[in-house]
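Could you slot chain B onto chain A? The hints should help.
Respectively, the protein sequence lines represent chains A and B. Start counting the first sequence at 1; every next residue gets the next number (our numbering). Start counting the second sequence at 1; every next residue gets the next number (our numbering).
Treat the hints as calculated values from the structure; they're not laboratory data. Glycine included, each C-beta is placed from N, C-alpha and C at the ideal position. Among the clues, some could well be false.
As the list claims (entries may be wrong) - Calculated lysine to any residue pairs in the SDA-like style (CA-CA distance at most 20 Å, straight line):
{"no.": "1", "chain 1": "A", "residue 1": "K262", "chain 2": "B", "residue 2": "D151"}
{"no.": "2", "chain 1": "B", "residue 1": "K79", "chain 2": "A", "residue 2": "E172"}
{"no.": "3", "chain 1": "A", "residue 1": "K194", "chain 2": "B", "residue 2": "E99"}
{"no.": "4", "chain 1": "B", "residue 1": "K147", "chain 2": "B", "residue 2": "E99"}
{"no.": "5", "chain 1": "A", "residue 1": "K194", "chain 2": "B", "residue 2": "A117"}
{"no.": "6", "chain 1": "B", "residue 1": "K202", "chain 2": "B", "residue 2": "H87"}
{"no.": "7", "chain 1": "A", "residue 1": "K194", "chain 2": "B", "residue 2": "W121"}
{"no.": "8", "chain 1": "A", "residue 1": "K157", "chain 2": "A", "residue 2": "A196"}
{"no.": "9", "chain 1": "A", "residue 1": "K194", "chain 2": "B", "residue 2": "T102"}
{"no.": "10", "chain 1": "B", "residue 1": "K143", "chain 2": "B", "residue 2": "D128"}
To be verified - Which chain A residues face chain B? A few, computed with CB under 10 Å, are given here:
{"no.": "11", "residue": "V123"}
{"no.": "12", "residue": "V140"}
{"no.": "13", "residue": "G169"}
{"no.": "14", "residue": "L174"}
{"no.": "15", "residue": "T177"}
{"no.": "16", "residue": "G178"}
{"no.": "17", "residue": "S180"}
{"no.": "18", "residue": "A182"}
{"no.": "19", "residue": "S183"}
{"no.": "20", "residue": "V184"}
{"no.": "21", "residue": "I186"}
{"no.": "22", "residue": "G188"}
{"no.": "23", "residue": "K194"}
{"no.": "24", "residue": "P195"}
{"no.": "25", "residue": "F198"}
{"no.": "26", "residue": "K262"}
Okay, here's what each chain looks like letter by letter:
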Amino acid sequence: MSTINHQWERFTFQKKLARFAVYLVTVAAFLASIRTVDVIPEFFYDAPNQISDMFSRMWPLDTAFYPITVHAALMETLHIATLGTLVTLIFAVPLALLNARNVVANPVVNWISRFFLVSSRSVNSLVWALLFVAVFGPGVIAGVLAIAFRSVGFIGKLLAEAIEEINMGTIEALRATGASWASVLIKGYWPQVKPAFFSIVLFRWDINVRESAVLGLVGAGGIGVVLNDAMNLFEWQKVSMVLFSIFAVVILAEILVVQIRKRMI
Amino acid sequence: MAESQQNYLQIRNLNHEYEAGKPILRGIDLNFDQPGIIAIIGPSGTGKSTLLRCINRLINPTSGEVLFDNVDLTSVEGKELRRHRRHIGMVFQEYNLVERLTVIENLLTGRLGYMSAWNAWRRNYTQDDINNAFELLEMVGLKDFAKQRADSLSGGQRQRVGIARAVMQDPYVLLADEPTSSLDPKTAVEIMELMDTLARRKNIPALVNIHDVSLAQRFAVRMVGMSGGHVVYDGPPEGITEDHLKQIYGGESWLS
Numbered sequence: 001m002s003t004i005n006h007q008w009e010r011f012t013f014q015k016k017l018a019r020f021a022v023y024l025v026t027v028a029a030f031l032a033s034i035r036t037v038d039v040i041p042e043f044f045y046d047a048p049n050q051i052s053d054m055f056s057r058m059w060p061l062d063t064a065f066y067p068i069t070v071h072a073a074l075m076e077t078l079h080i081a082t083l084g085t086l087v088t089l090i091f092a093v094p095l096a097l098l099n100a101r102n103v104v105a106n107p108v109v110n111w112i113s114r115f116f117l118v119s120s121r122s123v124n125s126l127v128w129a130l131l132f133v134a135v136f137g138p139g140v141i142a143g144v145l146a147i148a149f150r151s152v153g154f155i156g157k158l159l160a161e162a163i164e165e166i167n168m169g170t171i172e173a174l175r176a177t178g179a180s181w182a183s184v185l186i187k188g189y190w191p192q193v194k195p196a197f198f199s200i201v202l203f204r205w206d207i208n209v210r211e212s213a214v215l216g217l218v219g220a221g222g223i224g225v226v227l228n229d230a231m232n233l234f235e236w237q238k239v240s241m242v243l244f245s246i247f248a249v250v251i252l253a254e255i256l257v258v259q260i261r262k263r264m265i
Numbered sequence: 001m002a003e004s005q006q007n008y009l010q011i012r013n014l015n016h017e018y019e020a021g022k023p024i025l026r027g028i029d030l031n032f033d034q035p036g037i038i039a040i041i042g043p044s045g046t047g048k049s050t051l052l053r054c055i056n057r058l059i060n061p062t063s064g065e066v067l068f069d070n071v072d073l074t075s076v077e078g079k080e081l082r083r084h085r086r087h088i089g090m091v092f093q094e095y096n097l098v099e100r101l102t103v104i105e106n107l108l109t110g111r112l113g114y115m116s117a118w119n120a121w122r123r124n125y126t127q128d129d130i131n132n133a134f135e136l137l138e139m140v141g142l143k144d145f146a147k148q149r150a151d152s153l154s155g156g157q158r159q160r161v162g163i164a165r166a167v168m169q170d171p172y173v174l175l176a177d178e179p180t181s182s183l184d185p186k187t188a189v190e191i192m193e194l195m196d197t198l199a200r201r202k203n204i205p206a207l208v209n210i211h212d213v214s215l216a217q218r219f220a221v222r223m224v225g226m227s228g229g230h231v232v233y234d235g236p237p238e239g240i241t242e243d244h245l246k247q248i249y250g251g252e253s254w255l256s
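Extracted from the complex, chain A is given alone in its bound form (with noise of 0.2 Å):
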């Protein structure tokens, strides 16, 4: 039997009074939040009616109108979806493979690159659609770039992440057998991050399906432009159609991407 009581805490006393410190903050900033916030009763009290009254002119949907105009609109966002993907690549996988340091050991390019990334990924895509729209004008291109230049962040940092994670022992052994820079990239990067590429990519995309469906607020194409002119022109039952396709449309998207990564990986 030990007669000596050994002493043992978690933490610290500077621990615990930064803990404490980290709590009243939070509660601090809350209360703070809610009074800048400035929530006018009464219209938050009026909302379930608000709700109920806008459910009831949405009911029942106009299917007639599918046909006639969100059909074509809603193809158009599959299309800006998909093209952007397919644009962001040939930006993000050279910038992942500059950014990625076990490609290229030089700090200097690894940061350039990383800059891009992060650039493109600080601006939101609907800020991009309204660069662009403001370039080309409204329609598919600013869509697909808008899509495109977000995606180049995203794609590209990840894929960094997931080449920089491969075994080196395989690209050594590979540089042993006298390969060239481009074999080894093909023969021992290549085999190692193709999962995680595709798996990234059609993430990416299943992503993009969904903020494609916004960009047409802006006028950068697609199903947004119905959205937003039946919307302005208080077609609720027109409203509550497009918001139904572009929820199905998610879902098949979610679909499809599960199955296609569950047969690759």
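Frame of chain A, contents of chain B only:
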């Protein structure tokens, strides 16, 4: 492989330091002029792996010469370095196969130094390469595994693939960095047997880093003992005494 006589390997005054002022290899002078297994023994961290990697320039040595195929490998770069590398086969402790490719394609990656990247992309291997790969695979006893993925194999099988890949290169010398350290004792013996057979058949030296002294003595035609970045023994395997082992590994309580 009669021409490989002139391609044997000479290391002259090789030094390497990863950090300035902390040398790991100190003035290594070695001649490799006979075929068969040359076992390099020594404690961990004494620079055995570094030595092998300095030979094929996976690591650039700080100073010294590596004479191979009538060229000082430390003075060549780029395409010329790769042209020489393809005649230096290398085998690794962790096999370092391309796990997601089939066994046969892993063997064929041994030919990457002889083909363009475009042909590598299109898997455009020559018929000779494909024939050789299948024959070699049969020789190492893995004929039935040709079309399986490398990651479905056991450790011993993977190492056979690793050795076959190195032999596919048509090497004038083999470097093996602890090829048996991840394997059970029985498999380790089989792997050493295979390397011995192949080195003799191709009439080339095989430099093998190895921890198991008695296994090394069993197969080696010559042994090199390293300690503290120096070569402290270089001679026939039966010439190694307890005194040598004490000098190489330090201490003596583990000997008995």
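Against the structure, the hints come out as follows:
At most 20 Å may separate the alpha-carbon atoms for a hinted pair to count; A/K262 and B/D151 meet this at roughly 19 Å. Taking the CA atoms of B/K79 and A/E172, the gap is about 17 Å. The hint holds against a cut of 20 Å. Distance check on the hinted pair: A/K194 and B/E99 sit about 12 Å apart at the alpha-carbon level, within 20 Å; holds. For the given pair, B/K147 sits about 13 Å from B/E99 by alpha-carbon distance, which is consistent with the 20 Å threshold.
Taking the CA atoms of A/K194 and B/A117, the gap is about 18 Å. The hint holds against a cut of 20 Å. For the hint linking B/K202 to B/H87, the alpha-carbon distance of about 12 Å falls within 20 Å, and the restraint holds. Proximity of A/K194 to B/W121 is assessed by CA-CA distance (about 14 Å); at most 20 Å being required, the pair is judged to hold. Restraint check for A/K157 and A/A196: the C-alpha separation of about 12 Å stays at or below 20 Å, so the hint holds.
Restraint check: the Cα-Cα separation between A/K194 and B/T102 comes to about 15 Å, which is no more than 20 Å; the hinted pair holds. Restraint check: the Cα-Cα separation between B/K143 and B/D128 comes to about 17 Å, which is no more than 20 Å; the hinted pair holds. Annotation: A/V123 was flagged as interfacial toward chain B, and the flag is violated, the nearest CB pair being 35 Å apart, outside 10 Å. Taking 10 Å as the C-beta contact cut-off toward chain B, the hint placing A/V140 at the interface is violated, the least distance being around 33 Å.
Among the interface hints, the one on A/G169 holds; its C-beta lies about 4 Å from the nearest C-beta in chain B, closer than the 10 Å criterion. At about 6 Å, the closest approach between the beta carbon of A/L174 and any beta carbon in chain B falls short of 10 Å, and the interface hint on this residue holds. Hint status for A/T177 relative to chain B: holds, with the closest Cβ pair at about 5 Å, below 10 Å. About 3 Å separates the beta-carbon of A/G178 from the nearest beta-carbon of chain B, less than 10 Å, and the hint is met.
Using the Cβ-Cβ criterion of 10 Å, the hint placing A/S180 at the interface with chain B is satisfied: the shortest such distance is roughly 6 Å. Taken as an interface hint, A/A182 checks out: its beta carbon lies about 3 Å from the nearest beta carbon of chain B, inside 10 Å. Annotation: interface hint on A/S183 holds; nearest CB of chain B at approximately 5 Å, less than 10 Å. Using the Cβ-Cβ criterion of 10 Å, the hint placing A/V184 at the interface with chain B is satisfied: the shortest such distance is roughly 8 Å.
The interface hint given for A/I186 is met, as the beta carbon of that residue sits about 5 Å from the closest beta carbon of chain B, less than 10 Å. Evaluation of the A/G188 hint against chain B yields a held restraint, the C-beta minimum of about 6 Å falling below 10 Å. The criterion of a C-beta within 10 Å of any C-beta in chain B is met by A/K194, whose closest approach is roughly 7 Å, and the hint holds. Contact between A/P195 and chain B, as hinted, is supported at the beta carbon level, the nearest pair being about 8 Å apart and thus within 10 Å.
The restraint placing A/F198 at the interface with chain B is violated, with a minimum CB-CB distance near 13 Å, outside the 10 Å limit. The interface hint given for A/K262 is violated, since its Cβ lies 17 Å from the closest Cβ of chain B, which is over the 10 Å cut-off.
Comparing the model with each numbered hint stated earlier shows that hints 11, 12, 25 and 26 do not hold.
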